[in-house]
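Asker: Heads up: the sequence lines are chains A, B, C and D, in that order. Numbering-wise, the numbering used here comes out as the position in the first sequence, counting from 1, plus 4. Numbering-wise, the numbering used here comes out as the position in the second sequence, counting from 1, plus 4. Numbering-wise, the numbering used here comes out as the position in the third sequence, counting from 1, plus 4. Numbering-wise, the numbering used here comes out as the position in the fourth sequence, counting from 1, plus 4.
Be aware that one or more of the hints could be misleading.
Same chains, same names: a pair is fine if it fits in one copy or spans any two.
Below are the DSS-like pairs computed for lysine-lysine, each with C-alpha atoms no more than 27 Å apart in a straight line [to be verified]:
no.: 1; residue 1: 189; residue 2: 290
no.: 2; residue 1: 189; residue 2: 55
no.: 3; residue 1: 283; residue 2: 294
no.: 4; residue 1: 290; residue 2: 176
no.: 5; residue 1: 180; residue 2: 271
no.: 6; residue 1: 378; residue 2: 122
no.: 7; residue 1: 283; residue 2: 271
no.: 8; residue 1: 189; residue 2: 271
no.: 9; residue 1: 147; residue 2: 68
no.: 10; residue 1: 43; residue 2: 176
no.: 11; residue 1: 122; residue 2: 68
no.: 12; residue 1: 95; residue 2: 147
no.: 13; residue 1: 283; residue 2: 189
no.: 14; residue 1: 271; residue 2: 290
no.: 15; residue 1: 290; residue 2: 180
no.: 16; residue 1: 122; residue 2: 215
no.: 17; residue 1: 378; residue 2: 189
no.: 18; residue 1: 283; residue 2: 152
no.: 19; residue 1: 271; residue 2: 176
no.: 20; residue 1: 95; residue 2: 189
no.: 21; residue 1: 147; residue 2: 294
no.: 22; residue 1: 152; residue 2: 290
no.: 23; residue 1: 215; residue 2: 378
no.: 24; residue 1: 361; residue 2: 190
no.: 25; residue 1: 189; residue 2: 361
no.: 26; residue 1: 361; residue 2: 290
no.: 27; residue 1: 147; residue 2: 215
no.: 28; residue 1: 290; residue 2: 147
no.: 29; residue 1: 152; residue 2: 294
no.: 30; residue 1: 43; residue 2: 190
Just so you know, the hints here were simulated from the structure itself, not pulled from any lab data.
The chain contents come next:
4 protein chains.
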Amino acid sequence: MGMVGGGTGSFIGDVHRRASAIDGMIELVCGAFSSTAEKSIASGIALNLDKSRCYGTFNDMIQKERELPEDVRMDFVAIVTPNHMHFPPAKMALENGFHVVCDKPLTLTLDEAETLQKVIAKSGKLFALTHNYTGNSMVKQAKAMISKGELGTIRKIQAQYLQGWLSTSLEKTGQKQAAWRIDPKKSGIGGALGDIGTHAENLIEYITGLKIAEIAADLGTFGEGRILDDDGNMLIRMDNGAKGSISISQIALGEENNLAIRVYGTKGSLEWHQENPNKLITRWLKEPKKIFTPNGNGLHEEALNVSRIPAGHPEGYLEAFATIYKNFATHVLAINNGEIVDEPDYPTVDDGIRGMKFIYAAVESDSNNSAWTKIN
Amino acid sequence: MGMVGGGTGSFIGDVHRRASAIDGMIELVCGAFSSTAEKSIASGIALNLDKSRCYGTFNDMIQKERELPEDVRMDFVAIVTPNHMHFPPAKMALENGFHVVCDKPLTLTLDEAETLQKVIAKSGKLFALTHNYTGNSMVKQAKAMISKGELGTIRKIQAQYLQGWLSTSLEKTGQKQAAWRIDPKKSGIGGALGDIGTHAENLIEYITGLKIAEIAADLGTFGEGRILDDDGNMLIRMDNGAKGSISISQIALGEENNLAIRVYGTKGSLEWHQENPNKLITRWLKEPKKIFTPNGNGLHEEALNVSRIPAGHPEGYLEAFATIYKNFATHVLAINNGEIVDEPDYPTVDDGIRGMKFIYAAVESDSNNSAWTKIN
Amino acid sequence: MGMVGGGTGSFIGDVHRRASAIDGMIELVCGAFSSTAEKSIASGIALNLDKSRCYGTFNDMIQKERELPEDVRMDFVAIVTPNHMHFPPAKMALENGFHVVCDKPLTLTLDEAETLQKVIAKSGKLFALTHNYTGNSMVKQAKAMISKGELGTIRKIQAQYLQGWLSTSLEKTGQKQAAWRIDPKKSGIGGALGDIGTHAENLIEYITGLKIAEIAADLGTFGEGRILDDDGNMLIRMDNGAKGSISISQIALGEENNLAIRVYGTKGSLEWHQENPNKLITRWLKEPKKIFTPNGNGLHEEALNVSRIPAGHPEGYLEAFATIYKNFATHVLAINNGEIVDEPDYPTVDDGIRGMKFIYAAVESDSNNSAWTKIN
Amino acid sequence: MGMVGGGTGSFIGDVHRRASAIDGMIELVCGAFSSTAEKSIASGIALNLDKSRCYGTFNDMIQKERELPEDVRMDFVAIVTPNHMHFPPAKMALENGFHVVCDKPLTLTLDEAETLQKVIAKSGKLFALTHNYTGNSMVKQAKAMISKGELGTIRKIQAQYLQGWLSTSLEKTGQKQAAWRIDPKKSGIGGALGDIGTHAENLIEYITGLKIAEIAADLGTFGEGRILDDDGNMLIRMDNGAKGSISISQIALGEENNLAIRVYGTKGSLEWHQENPNKLITRWLKEPKKIFTPNGNGLHEEALNVSRIPAGHPEGYLEAFATIYKNFATHVLAINNGEIVDEPDYPTVDDGIRGMKFIYAAVESDSNNSAWTKIN
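Take these sequences, add in the hints, and give me the full structure.
Answerer: Here is the structure:
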């Protein structure tokens with residue numbers, strides 16, 4: 005694996021490195037970690053990389069790696085930069101024969117996203133988008149239960165992704181994570197929408213197997229001097245007639261990383277909270293509430309497959325993230341061995357396109373005083 | 005206390021009887037408990053009332069009680085009938101000199117509600133509406149914290165009231181509670197909106213001290229053959245600029261009585277769940293999460309005042325309900341003693357009017373494809 | 005009902021009054037509420053009793069009430085005094101033809117307890133001991149599940165009753181509740197043992213249907229200048245070979261009223277926490293954890309019978325306490341009607357004797373450096 | 005790192021591999037993974053090791069690695085075998101100049117443990133024992149709070165480690181994990197005592213900084229045909245006069261990995277549950293309950309230092325385990341660089357000796373009908 009972005013001290017670069025390391029399938033072999041060549045190389049050395057493979061720019065990295073022998077060069081590129089720097093390295097890597105893992109949201113603009121979709125198709129290479137929460141064991145169980153019809157027809161969905169870290173003007177203190185996220189040139193047209201809203205949208209569509217058909221959004225920009233949304237309340241209508249709502253915020257003071265979903269069907273319902281991920285609460289017409297746990301009793305294969313440790317040994321954020329990498333790496337290996345994989349289980353460019361359309365529809369609805377707006 | 009409605013086997017009649025009995029301040033002395041004289045009298049006898057004060061109709065009760073000596077006759081009427089039968093007995097009782105406690109929502113129609121408001125004003129009598137959840141110790145604490153500015157400016161509010169008991173066509177099985185609630189002639193223009201939505205609306209306005217300025221509602225009618233809403237998702241904008249959402253449902257399968265609220269301010273935030281009411285979760289900018297409990301450490305007087313038992317002894321639904329009765333009875337006693345009470349702490353007709361306007365605005369918004377609709 | 009003890013401002017007197025009022029079956033008609041005649045009468049008047057039935061002493065009350073016509077005089081006496089004042093009024097009431105409800109622990113000494121048992125037998129009157137936690141819906145469900153064999157053979161039991169209110173020297177501040185509890189003349193040979201330990205012991209035996217056969221106790225007296233235990237850790241062996249432990253404390257700083265039990269069998273296990281009483285957690289060999297709730301799905305009749313309100317409407321401490329009174333009153337009524345009741349469901353003198361033996365065995369074990377000591 | 009034990013399919017070998025990989029500081033370079041050379045080598049190859057460094061026995065591995073150039077050979081040995089196979093490879097590795105990471109309990113017998121202690125001292129090499137739960141962020145916070153005096157004098161401690169996986173005769177089904185754990189030749193004189201009891205003991209001593217001075221144990225052997233304990237209830241007295249209890253079980257049906265601890269002091273108290281590790285509950289004399297979370301508000305440096313991800317991103321079992329490896333690797337690097345480390349923060353042979361003495365004292369107490377037995 006070669007990495008673009010994620011220099012020393014970066015939050016998400018470190019996450020990708022740890023998550024990709026857990027299963028012993030992936031090795032970081034090179035990187036272009038920073039916007040300046042100097043920092044980039046220093047970061048690579050600090051990460052114990054061979055100095056010759058610490059590159060100053062992603063262009064450099066992709067070109068040079070391509071020239072290395074096949075069994076030496078990186079197999080894929082992991083892109084962990086701010087949103088505006090997803091498209092350029094992704095496109096170049098794909099066009100130069102490398103698979104790509106990319107952070108979400110997919111790109112800066114919907115145009116870029118649609119272009120990227122074509123680039124991927126043309127390249128024949130693999131592309132994974134790190135909607136990491138879909139890697140949780142209990143999310144797999146939730147999806148499996150719904151797809152097997154155990155909840156009946158879905159009627160109501162509630163999702164929320166609440167954080168409080170932008171409650172104050174953190175971006176004015178020099179905090180880098182905050183600074184680029186509130187900057188439309190780096191984030192795109194969505195603020196919280198892109199950063200966390202797309203996770204909520206993706207989780208809904210992943211778990212239920214339904215699509216959000218239309219949305220009525222009321223976005224908020226509470227932080228002084230901000231341009232992009234830092235809060236949003238949305239009504240949704242699903243393509244099967246189910247209704248629901250999504251609430252997101254980065255000014256929900258005191259909330260840490262409160263992503264949660266509730267899905268109600270005609271036979272059963274379920275509830276999952278990311279902050280306490282080792283618990284899937286299910287409710288039933290005639291039976292008492294049942295609580296599923298990773299590697300615990302009564303799970304479907306889909307959930308059992310992703311657990312690495314026995315029941316009662318809590319799985320965290322990194323493990324779920326690692327599952328995205330593991331499934332991607334498994335696919336890469338299969339491809340390399342000439343095998344065909346029917347339904348690889350990791351988020352792809354299609355999820356990324358959905359996310360971008362969600363952002364665009366929400367912003368459009370909001371600018372039309374929350375009028376219902378289609379996502380197609 | 006004389007009761008209208010609440011014959012043997014009724015859910016809410018029993019609740020009112022128990023709640024009014026807990027504090028030893030109120031005695032049930034008469035009633036017109038049912039729509040038929042026979043059942044009504046049988047109910048009264050089963051409740052150990054003096055047979056002469058088991059009345060066939062509320063008209064009869066109000067007239068006959070009025071003729072009794074002042075120290076014998078009932079002090080007030082408790083109305084626990086379906087919505088369409090709130091207005092007639094309330095009006096008559098008030099006009100005959102009796103105070104009134106009435107179940108929510110206030111009346112069948114907004115017109116009735118506004119008429120009733122005038123009748124009350126003219127009568128000079130007291131009127132309490134049983135928005136019982138405001139009687140909870142932790143709700144009092146939440147309101148006190150916000151009114152003292154501890155949370156700063158409120159920015160975001162999320163409320164939900166989720167039940168699942170109408171997930172199936174319960175009304176077709178002869179279940180009376182279900183039957184009248186889905187019938188517009190008895191419920192009014194709101195289904196879940198009136199039954200539980202008004203509780204959510206009232207809780208928001210009670211706790212925050214803010215008013216919902218406008219609403220964008222997407223109501224659902226999932227139960228086969230139903231006319232009224234049995235589900236709803238709503239965006240709200242508060243009169244101070246805060247934004248939020250309300251989700252209600254009676255088809256959220258498996259949910260029992262999941263009323264909950266989250267309020268986020270610029271200094272702190274709070275969260276309360278009715279099903280686990282002895283816990284107020286608060287979050288802060290720099291400090292760890294703090295959990296308040298009834299009669300526990302660090303509470304304001306407003307919360308301490310309503311607890312009857314030491315910390316750790318759980319208070320339930322009936323205790324909160326009883327607090328409405330206790331505060332009302334205290335007010336009645338004060339009035340009877342010629343005392344003036346500055347700010348009686350129980351929901352009044354004004355809360356009832358807000359609830360009716362909320363129902364009407366939500367229905368109007370829904371019929372305009374969720375257009376923002378003012379509540380004034 | 006006539007009350008002994010529980011003058012204005014008392015904690016437990018108020019609890020008994022509220023709990024007995026909830027179901028509309030019991031009326032407080034007289035009392036001897038305090039150790040001085042003056043305070044006693046003032047308390048009675050404050051409680052709106054007829055002045056002629058506010059007595060200066062319990063002797064007076066029992067004698068005078070006995071002389072009243074049968075349909076006027078109290079049906080039973082409720083004794084809510086400190087431990088040393090349980091036996092005298094109980095004995096006198098029984099010998100004068102009154103049923104008795106008495107607070108726990110049964111008496112000051114085991115001798116008194118055994119004498120009282122004989123007095124009751126001889127009197128033919130009913131006697132209830134307010135081990136109130138056995139009135140909880142989820143405790144009834146737990147007991148029913150075990151007695152029907154759903155958990156298989158019980159192997160392990162853990163109970164705890166943790167409070168922190170005596171962490172500091174509260175008794176030196178003039179706090180009456182603390183003062184008598186640490187005084188052997190008023191409490192007996194057990195401090196926390198009698199006050200809360202007996203609840204834990206009773207809950208274990210009630211839920212499991214087993215008896216504690218022997219105990220190894222290590223008591224602690226942490227409060228400065230105290231004579232009686234304010235903390236204890238105990239090993240227990242049940243009469244069926246199960247093993248377990250009990251931990252009690254009144255110096256567990258910050259704990260409010262943390263009574264909890266876990267029972268493990270060969271087929272299933274269960275867990276219940278008094279502070280969150282509306283939840284029975286059950287675990288199974290092959291199935292996921294199931295959570296039962298009052299009036300919720302999948303309950304046995306024994307649990308359903310005690311709920312007064314629908315699922316999701318939390319039941320609290322007072323409701324459980326009220327169930328003891330309700331079942332007792334039902335028994336009194338049946339007796340008065342000449343009916344026979346097979347298995348009245350409230351704690352009796354036999355439970356009280358078990359509690360006293362538990363206290364005595366624990367104290368004996370502790371004084372023998374925690375040697376195993378039989379409870380027979 | 006070279007590994008002894010942990011062949012393909014092993015539970016704990018995989019855990020060590022993942023935990024050591026997370027921080028990018030440690031690479032698995034060789035191993036002797038199984039009791040047969042063939043399986044061992046196959047395991048190594050499956051782990052993508054260089055075939056030349058997949059050894060048939062640990063003797064072979066240690067000898068051959070020693071002959072490799074210093075910059076090539078493994079830095080330390082990780083021992084992840086059943087208990088009886090801890091001592092031989094540990095001793096040999098140390099005597100051949102390798103540092104050692106070893107699974108707990110330390111050894112098969114106390115004699116071995118004491119010998120090993122001397123071997124380590126003589127070797128001058130580092131030795132870490134994987135009491136992994138001490139790596140949790142909230143455990144670090146708990147220890148820091150107590151060591152800084154924030155809880156005052158500790159008075160009461162309750163710990164439990166409850167599992168249910170040996171509720172049935174799993175060892176008779178060919179399950180390897182079960183088979184060796186119930187075999188005294190492989191486990192030693194303690195069953196659950198060694199496997200999980202030592203974790204509870206270590207957690208108590210780590211968090212409180214106190215030592216268990218004496219113990220009164222009642223062990224149980226419920227599984228048919230078992231020789232070793234599969235359950236135990238114990239009273240403890242700490243060296244500062246605090247009292248408490250420990251409950252352990254592997255027949256607590258339905259429990260997954262329920263390690264928990266409560267510590268009560270004169271100023272505050274705390275509670276932590278391994279299954280929900282991202283939460284430290286603290287209670288105070290006058291203030292409400294405060295809940296700490298990893299990387300959340302109000303933490304001490306000691307806790308902040310171990311978090312790899314922002315607050316609200318749950319940390320799991322592997323992260324805590326990884327912290328042991330990270331701190332050990334940091335120490336190895338420092339040593340290699342000739343630096344001195346004052347207080348390395350990972351469990352050592354001294355913790356292992358405490359664990360062995362705990363096992364021996366508990367077994368002795370149990371065989372003396374739970375007589376108090378010193379641990380010195």
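Asker: None of the hints should be skipped; say for each whether it holds.
Answerer: To see whether the hints hold, each was checked on the structure:
Within a single copy, residue 189 and residue 290 get their C-alpha atoms no closer than 53 Å, and across copies no closer than 31 Å, so neither meets the 27 Å cut-off. For the identical chains of this complex, residue 189 and residue 55 are neighbours neither inside a copy (32 Å) nor across copies (51 Å), given an alpha-carbon limit of 27 Å. In this assembly of identical chains, the alpha carbons of residue 283 and residue 294 lie at most 27 Å apart whether taken from the same copy (10 Å) or from different copies (12 Å). Proximity of residue 290 to residue 176 under the C-alpha cut-off of 27 Å is restricted to the inter-copy arrangement: shortest distance 18 Å between copies versus 54 Å within a copy.
For the homomeric pair residue 180 and residue 271, the shortest alpha-carbon distance between copies (23 Å) is at most 27 Å, but the shortest distance inside one copy (47 Å) is not. Taking CA atoms no more than 27 Å apart as the test, residue 378 paired with residue 122 passes inside one copy only; the shortest distance there is 23 Å, against 46 Å between copies. For a Cα distance limit of 27 Å, the shortest separation of residue 283 from residue 271 qualifies both inside one copy, at 20 Å, and across copies, at 22 Å. Taking the shortest alpha-carbon separations for residue 189 and residue 271, neither the intra-copy value of 46 Å nor the inter-copy value of 30 Å comes in at or below 27 Å.
In the homo-oligomer, the alpha carbons of residue 147 and residue 68 never lie at most 27 Å apart, since the shortest distance is 42 Å inside one protomer and 50 Å across protomers. For a Cα distance limit of 27 Å, the shortest separation of residue 43 from residue 176 inside one copy, 23 Å, qualifies, whereas the shortest one across copies, 59 Å, does not. Within a single copy, residue 122 and residue 68 get their C-alpha atoms as close as 25 Å, which meets the 27 Å cut-off; across copies the closest is 54 Å, which misses it. For a Cα distance limit of 27 Å, the shortest separation of residue 95 from residue 147 qualifies neither inside one copy, at 31 Å, nor across copies, at 50 Å.
With identical chains, the CA atoms of residue 283 and residue 189 are never at most 27 Å apart, being 39 Å at best within one copy and 38 Å at best between copies. Both within a single protomer and between protomers do residue 271 and residue 290 lie at most 27 Å apart by alpha-carbon distance, with minima of 9 Å and 22 Å respectively. Taking identical chains as interchangeable, the C-alpha atoms of residue 290 and residue 180 lie at most 27 Å apart only when they sit on different chains, with a minimum of 20 Å there against 51 Å within one chain. Taking CA atoms no more than 27 Å apart as the test, residue 122 paired with residue 215 passes inside one copy only; the shortest distance there is 22 Å, against 50 Å between copies.
Taking the closest pair of Cα atoms, residue 378 and residue 189 come within 27 Å of each other only inside a single copy of the chain (25 Å); across copies the shortest separation is 36 Å, beyond that limit. Only within a single protomer do residue 283 and residue 152 lie at most 27 Å apart by alpha-carbon distance; the minimum there is 20 Å, versus 29 Å between protomers. In this homomeric assembly, residue 271 and residue 176 come within 27 Å of each other (Cα to Cα) only across copies, at 18 Å, whereas the closest approach inside a single copy is 50 Å. For the identical chains of this complex, residue 95 and residue 189 are intra-copy neighbours only, at 19 Å inside a copy versus 61 Å across copies, given an alpha-carbon limit of 27 Å.
For a Cα distance limit of 27 Å, the shortest separation of residue 147 from residue 294 qualifies both inside one copy, at 16 Å, and across copies, at 20 Å. Taking identical chains as interchangeable, the C-alpha atoms of residue 152 and residue 290 lie at most 27 Å apart whether they share a chain (19 Å) or sit on different chains (20 Å). For a Cα distance limit of 27 Å, the shortest separation of residue 215 from residue 378 inside one copy, 11 Å, qualifies, whereas the shortest one across copies, 31 Å, does not. In this homomeric assembly, residue 361 and residue 190 come within 27 Å of each other (Cα to Cα) only inside a single copy, at 18 Å, whereas the closest approach across copies is 44 Å.
Only within a single protomer do residue 189 and residue 361 lie at most 27 Å apart by alpha-carbon distance; the minimum there is 18 Å, versus 44 Å between protomers. In this homomeric assembly, residue 361 and residue 290 never come within 27 Å of each other (Cα to Cα): the closest approach is 39 Å inside a single copy and 36 Å across copies. Taking the shortest Cα distances, residue 147 and residue 215 sit within 27 Å of each other inside one copy (14 Å), while across copies they are farther apart (39 Å). In this assembly of identical chains, residue 290 and residue 147 lie within 27 Å of each other by CA distance both inside one copy and across copies; the values are 22 Å within and 21 Å between.
In the homo-oligomer, the alpha carbons of residue 152 and residue 294 lie at most 27 Å apart both inside one protomer (17 Å) and across protomers (21 Å), since each shortest distance falls under that limit. In this assembly of identical chains, residue 43 and residue 190 lie within 27 Å of each other by CA distance solely inside one copy; the values are 20 Å within and 53 Å between copies.
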